[in-house]
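Model the full structure from these sequences, guided by the hints.
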Amino acid sequence: MSLLLACPRAQPPAPPLGPDLFPTALHMLYVSDAMDLARSAILSGDRAEARRQLSWLANNAPSAEDLPPSLAPFAAIVRDQAARGAAAREPVEIAAALGEMATACGGCHAASGLGPIFAVELLPPGMSPEPHMERHRWAIDSMWEGLVSPDDELWRAGAMAFLEEPLPDTEPMFEASGAWTNALHALGTYGLELDDPDTRAALYGQLLGMCASCHEASGGGPMPPR
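Numbering (my numbering) for the sequence shown: 1 to 226.
If you are wondering where the hints come from, they were derived from the structure by calculation, not from laboratory data. Since this is a predicted model, take the numbers as computed values, not measurements. One or more of the hints may lead you astray.
Here are the simulated distance ranges between beta carbons [stated by the list, open to error]: (1) P69 - E164: 39 to 49 Å; (2) T189 - P131: 16 to 26 Å; (3) E165 - A64: 41 to 51 Å; (4) E216 - D66: 28 to 38 Å; (5) N59 - D195: 29 to 39 Å; (6) N182 - P69: 40 to 50 Å; (7) T199 - G219: 28 to 38 Å; (8) A179 - E65: 39 to 49 Å.
Note that beta-carbon positions come from the ideal geometry of N, C-alpha and C, so glycine has one too.
Below is the structure:
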């Protein structure tokens, strides 16, 4: 089964930033980049780089004192989880911390009425192993954006991408990664049943950790971020 999905963006524009939050909003661009770099690094099997980015976030992401009291708990979670990921050794632990950070970002964006709006992207077509892996990356990215925005349609679009059939066992790469991809598809589609942000965060951490472990075991690696 092949899918062609697009994520409609019908959100109203965010309210203008007040002068107190404007410097923080600019700083969040660096925070977002560091989170993306950490995520790409762990997917590539580069644990050291992932930990380096998370260490920077633990010390440089906005602190509770930088934000209004209503948003302070989210800042604390991001810093705490970044420190947890920076100290972790296993990819699944680093991935779990990133999932919790993404949900904290989404909670802050929802509470403040601010946050990113992601562009429409189409699911890459094709049935050979390379586009199949590209679709895995598309799904992982879409679910991440769904957590960070937060946007239920983006989350569900990513989970729906895992409804397609896993790699057939006739593919040469199946011996190295087939069991991982089968488990990934089953876990990814389970995301369609989840509504709670914390439960979604835990599932996302498992998905990200599974991708990272598969790439380390098979000697493969992810496609670039979309």
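May I ask you to test the hint 28 to 38 Å on the CB atoms belonging to E216 and D66? The hinted range 28 to 38 Å holds for E216 and D66, with Cβ atoms some 36 Å apart.
Just tell me: holds or violated, for the beta carbon distance of T189 and P131 against 16 to 26 Å? holds, 19 Å
29 to 39 Å was suggested as the range; check whether the CB atoms of N59 and D195 agree with it. Taking Cβ atoms as reference, N59 and D195 lie about 34 Å apart, which means the hint holds.
A range of 39 to 49 Å was offered for this pair. Does it hold for the Cβ distance of A179 and E65? holds, 47 Å
Outcome for the supplied range 40 to 50 Å, where the beta carbon pair is N182 and P69: holds, 46 Å
Cβ distance range 28 to 38 Å for T199 and G219, holds or violated: holds, 32 Å
Note whether the CB distance of P69 and E164 lies within 39 to 49 Å or breaks it. Holds - the Cβ-Cβ distance for P69 and E164, about 45 Å, lies within 39 to 49 Å.
Falls inside 41 to 51 Å, the C-beta gap from E165 to A64? holds, 46 Å
Of the hints listed earlier, there is not a single one the structure fails to meet.
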